[in-house]
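Given chain A, put chain B in place with the hints provided.
Sequences listed follow chains A and B, in order. Each number in the numbering used here corresponds to the 1-based position in the first sequence with 21 added. Each number in the numbering used here corresponds to the 1-based position in the second sequence with 21 added.
Hints may be right or wrong, so weigh each one.
Any copy, or any two copies together, can satisfy a pair, since identical chains are not distinguished.
The list that follows gives simulated cross-link-like pairs (lysine-lysine, BS3-like), each with its CA atoms no further than 30 angstroms apart [stated by the list, open to error]: (1) K112 - K268; (2) K268 - K24; (3) K296 - K24; (4) K421 - K479; (5) K268 - K446; (6) K30 - K296.
Think of the hints as simulated: they come from the structure by calculation, not from any bench.
There are 2 protein chains.
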Amino acid sequence: MWKPDRHSKKPLYEQIADHLEQRISYGEFPPGSLLPSERKLAEQLGVNRSTVILAFGELRSMGIIESRPGSGTHVSKYKWGAVPKHTPNWKRYAEGGSFLPNLPFLRRIREALQQNPDLIDFASGELSADLSPLGEITELMGAQPSPSYLGYDHPQGYMPLRQAVASYLDRYRGVQTTESSVLITSGSQQSLYLITQCLLSPGDAVAIEDPSYHYSLPMFQSAGLRIFGLPADEGGIRPEEIRSLVKKHRIKMIFVNPNFQNPTGALLPDDRRGKLLEIASELGLPIVEDDPYSLTDYDGLDRPSLKSMDRVGSVLYIGSLSKIAASGLRVGWMVAPHSIVERLADARQQMDFGLSVIPQQVAARFLESPYFEPHLERLRMQLRLKRDLLIDALHQALPKLIRFHVPQGGIHLWCQLVPEVNDAKLLEEAIKKGVVFVPGSVYGSDSGYVRFTFGRAKAENIGTGIAKFAEALRALIR
Amino acid sequence: MWKPDRHSKKPLYEQIADHLEQRISYGEFPPGSLLPSERKLAEQLGVNRSTVILAFGELRSMGIIESRPGSGTHVSKYKWGAVPKHTPNWKRYAEGGSFLPNLPFLRRIREALQQNPDLIDFASGELSADLSPLGEITELMGAQPSPSYLGYDHPQGYMPLRQAVASYLDRYRGVQTTESSVLITSGSQQSLYLITQCLLSPGDAVAIEDPSYHYSLPMFQSAGLRIFGLPADEGGIRPEEIRSLVKKHRIKMIFVNPNFQNPTGALLPDDRRGKLLEIASELGLPIVEDDPYSLTDYDGLDRPSLKSMDRVGSVLYIGSLSKIAASGLRVGWMVAPHSIVERLADARQQMDFGLSVIPQQVAARFLESPYFEPHLERLRMQLRLKRDLLIDALHQALPKLIRFHVPQGGIHLWCQLVPEVNDAKLLEEAIKKGVVFVPGSVYGSDSGYVRFTFGRAKAENIGTGIAKFAEALRALIR
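The shape of chain A in the complex, shown without the other chains (with noise of 0.2 angstroms):
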């Protein structure tokens, strides 16, 4: 009897729904015809019900079954004729585009988490429940007063949440701007999504850290884009390398993550700062600042913005809650000469006709309310505490056998492996003790190399989990 096979790179109900649907078009479930109940078709083929579920909504949503509730799965009397030849091809659909799909790794792990919550975190970049303000989110959703009208937003964003941002910037981060120079976006994702579609164009040549969060990103390669790192150390890129780089590529734009790098921790020094402004203005070159972690810097120190050291306008500037509030709010904003954002506002509104007024009108509150501030300091506290759990749990666990350096703020601690591994067993690996992480190679690096995030898992699991992590990289250097 035939079985979905579990080693293919098709999903298991995808596999079932075109075995049933070849099994109904050679008639042996002709029209009308009553289906075995999902239960009884997964104990024979071996997957859970839920899987059988999946492959069944596949068949009814091209109408080749259908489900009455107490009456079971029947084959579909179809109105006009056998199905397989008059269904549109969706998988050919599926595959047309220019929109690349997701690096392989990042569903994979994706697809892990969804399959078991019980998994332990170090993949996913953002914050766990009890470091979100979700009880002070409450609070200023409840105390929100009935909007006038809730009708399409201004392309730009909801002006109170644009100068709440142009007053945050000022006081957190040295910018000077007004709400006219500023863009809300859903977050730093969409940002740059609006940036690689609007500003650039196919065959263009742009620069970005090696490694790079931008590596994982296929937004660029779906833009056309050519991609050259520029090799960074434990304090980020070397600007002078700029140079060479531009005069071999012609490059049209640099996107930097000066503080706290994801998904290294670097953080740029003054000195190299100054020097990446002054060639970008030389070359007159734009720089798109990508800063969402600079408010975590543990020691509470106040890292400048590459933006407030900007006096010619090269800068770019991407910030967003999602890492120092909850990512879920999606709320992130851009500043840049008004000429760009209203080029970007008006490409924004094609795309989704701008974001719900609800989230802007909690995230303005929140930046403006006195919990803003104790929160951070909170954040902080709590995140330098994770950092010292992964980092005992590492030095206890893999003595020697991994290699890092400490980050002073950020939510990631980038590895380097010694023993030599290769990276999709070892995800599959740690997958099956109950841990998930990003290989490095993800983000650009050699293989070799691990991210662990440390903000979204409970700081009560976070021994365990490299625990388990230590387990799986022993079971494969055995």
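Frame of chain A, contents of chain B only:
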């Protein structure tokens, strides 16, 4: 003395910024020198002070000038030499990318509404404040329990909302589906954007109704698609014409809006629906059913969706809360085979990392609340009233100068003007008189057509608005 050119396409503030930049770079205002005050410059140039503020903002964001409270606006003392050579050429960047700007008429209308909020608005395709359930939404927001977590959402959207939408579709639209086949989007705009970006490839041909809302969306052209119109009469498209279009142009997808179409208000008759599905299934062609208005039927009749008649799985179904509750919520949905939903969800992750959970929670509660049905009843009654007010006003103000069919649902009235007038001149004249509408050519029709939206304007302003429109029209045909 130099003055900005009011007839130029370039906004006044940009002209002023360019002019000041030039004077600064020519040394008229050396580094560190004080610029004239905003008020004084506004007087000299004969513009509003707010225009000068915008121009200063532009120069400030380019690092050319600096303002400090109490000490006025100075030319920057650049750290790295004179500016003009060194600032990135932002204007050239703003022209980059494959993303086309919005249509000039639509940008003109948006600009006019921003400049003068007192304009009577027959242009915006949305509901007025009194038609939106604002009190109910505020109540549901206040009653929200504190979320247990506010992290990144499931790529397909918030599970309880997907369940609520599946139940809504079963009850109201005759569509049987499960949450695994539902993708939550920020509205029909995002649904269409995902479809055009991810399921179709540059060069593909698609068919849309002529006239159609879809003509107003540059996203089709931005995705490199070739668009072909299916001529529509009062009953919408004649499906037989699809065959010849497919033969000539290898059409890959058909976009229709069968219930109270935007802009014509047409309701596709049952026999044409059957025929449309028959032809699509015969040719294996997918149909995108855009269904924002069906629940606004003034007689409360249950207009079936195409999707409910689709036995073959040809139809991708798109709906939203924008036209039946509040466009500012930004909540919509799509029903598609799971493989398509997965592909689009993955792509959306890359564009914006998913939607905010907060409006999705509110929407899920609203759909399942006892407020929903009474709200719909009130909405239908009020929209019928507004339609009648609009029609009476047109009969009174423009007898014999205007022709239309009376819609039985939706928020738009599509009119043919009897006298020949220039679209652009009519719009400008109307803006001067204090009213906006959308010229029919935006929707692909010949000139001489007008779309009046009666959802947005207050009932008490409809008569005045049409009187102003009549004045504008008569001024041009005098």
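Which holds for K268 with K446 at a C-alpha limit of 30 angstroms: within a copy, between copies, both or neither? Neither way: K268 and K446 sit 40 angstroms apart in one copy and 51 angstroms across, limit 30 angstroms.
At 30 angstroms max between alpha carbons, let me know whether K421 reaches K479 within a copy, between copies, both or neither. within (26 angstroms within a copy, 73 angstroms between copies)
Alpha-carbon proximity between K112 and K268, which holds within one copy, between copies, both or neither at 30 angstroms: Answer is between; shortest inter-copy Cα gap is 23 angstroms, intra-copy 43 angstroms.
Alpha-carbon proximity context of K296 and K24, limit 30 angstroms: Intra 61 angstroms, inter 40 angstroms, cutoff 30 angstroms: neither.
Intra/inter-copy verdict for K30 and K296 if alpha-carbon distance must be at most 30 angstroms: neither (47 angstroms within a copy, 39 angstroms between copies)
Are the CA atoms of K268 and K24 at most 30 angstroms apart within a copy, between copies, both, or neither? neither (57 angstroms within a copy, 42 angstroms between copies)
The structure fails to meet hints 2, 3, 5, 6 from the earlier list, while all remaining hints are met.
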